[in-house]
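J.: Go by the hints and put chain B onto chain A.
Heads up: the sequence lines are chains A and B, in that order.
Residue 80 in our numbering is what sits at position 75 of the first sequence, and the numbering runs on without skipping anything.
Residue 424 in our numbering is what sits at position 234 of the second sequence, and the numbering runs on without skipping anything.
Simulated from the structure, these hints should not be mistaken for lab results.
These numbers come from a predicted model, not from an experiment.
Just so it is clear, CB atoms sit at the ideal spot from N, CA and C, and this is done for glycine as well.
You may find that some hints are simply not true.
[Said to hold, decoys possible] Below, a sample of chain B positions facing chain A; criterion: calculated Cβ distance under 8 angstroms:
#1 L214
#2 F220
#3 V230
#4 T236
#5 Q237
#6 A239
#7 D250
#8 L252
[To be verified] Partial pick of chain A residues on the chain B-facing surface, computed with a CB cut under 10 angstroms:
#9 G16
#10 L25
#11 R28
#12 E30
#13 A36
#14 S40
#15 G53
#16 L54
#17 R65
#18 L114
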Amino acid sequence: MNRRFCIPLFGLLLGILLGLLVRFEIPAVYARYLSVAVLAALDSSFGGLRALIERSFSSRIFLSGFVSNTILAALITFLGDRMGVNLYLAAVVAFGVRLFQNLAAIRRLLIK
Amino acid sequence: MLPQQPRRVRPSSSSARHRRNRALTTTSLFICLGVLGFLVVVLMRTQGALGNDLQARSVDELGRLVGMLSQEVDRLQQEETDLTIKAIGSHYELRSDTEVVTRELETLKALEVLVGAVPSRGDGVRLLIGDSENHLSSYEMCLIINELRSAGAEAIVMNGRRIDYDSGIGGKPGRLALQDSPLVTPLVVEVVGDREALLSAVKMPGGLVSMLSQLPGVEIDVETAADISVPPRSYGLRTFDYAVPID
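Chain A on its own, in the form it takes in the complex:
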């Protein structure tokens, strides 16, 4: 496997290992925000992988997208709770659709 993929995958495994080793839990009230934020982070990560495979990866775009999407998703959820509107659904739908689109694109690129 290309080193380009091995190191990020190693980072993923390292993060998982770190999460398993560090018994860290967030307060219950923030669990929903973290859920949506993780979904946004997943979307950004799959988008980055897709760009990496397509050789159009830009670290600036990736990092800015990763951070901003994550924060924005959590912020939308927070605002939705304060306004009494389920705005997090919008984030879930948007990121969910993009996630599947990215997965489909990655699948096609890998098959080709």
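T.: Just chain B, lined up with the frame of chain A:
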């Protein structure tokens, strides 16, 4: 002329930028995926620890939950009411059954006393009837028994023998017989019942005492008696072949 130093080939600016970009790409992906992996694990642990924690639920979910709980509370209250009603019904039914059994037992005891299945005892009055001229007939004897029963006699003993519901007195004056056993005078008639009622009944004008006293040679003396013993029926209970109770 100085010897020409071998010229060091400097990497081109584009390839250096390319390598830098690759390193930046790898590093950024490494960090972001590491963060993502860490967050996923934290999230999974948090969700696992939360379980059904209400704090993690949205307002809508909490509203639905409250609605469901309200419906459940209503259902449970209805069930409690039904069970309470059922319990009260069962209690009354049980009490009713107990009362019925008690009444039946009382009836049975009364019937046992009535038919002479068991010996009995009680207060009452005692009549001493003398008939020196043998004027007492079976008619007068039946009159005595009827009058005493009308006065409320619960049991009648004549010369130590019980007067049953099917007892018969026959014979001619002076040779009276109770169920084929002779009745000799003076007769001792013991009556279990309300003393006052019996005394007033037999002593009232036109009553038993005044009626029997009109017969020549008949003397009657009435007194109260305590703890009169009434023997049981001497010839067993009668069996009924034709008369059956109506349910």
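J.: Provide an ascending list of the numbers of those earlier hints which the structure does not satisfy.
T.: Violated hints: 8, 18; rest satisfied.
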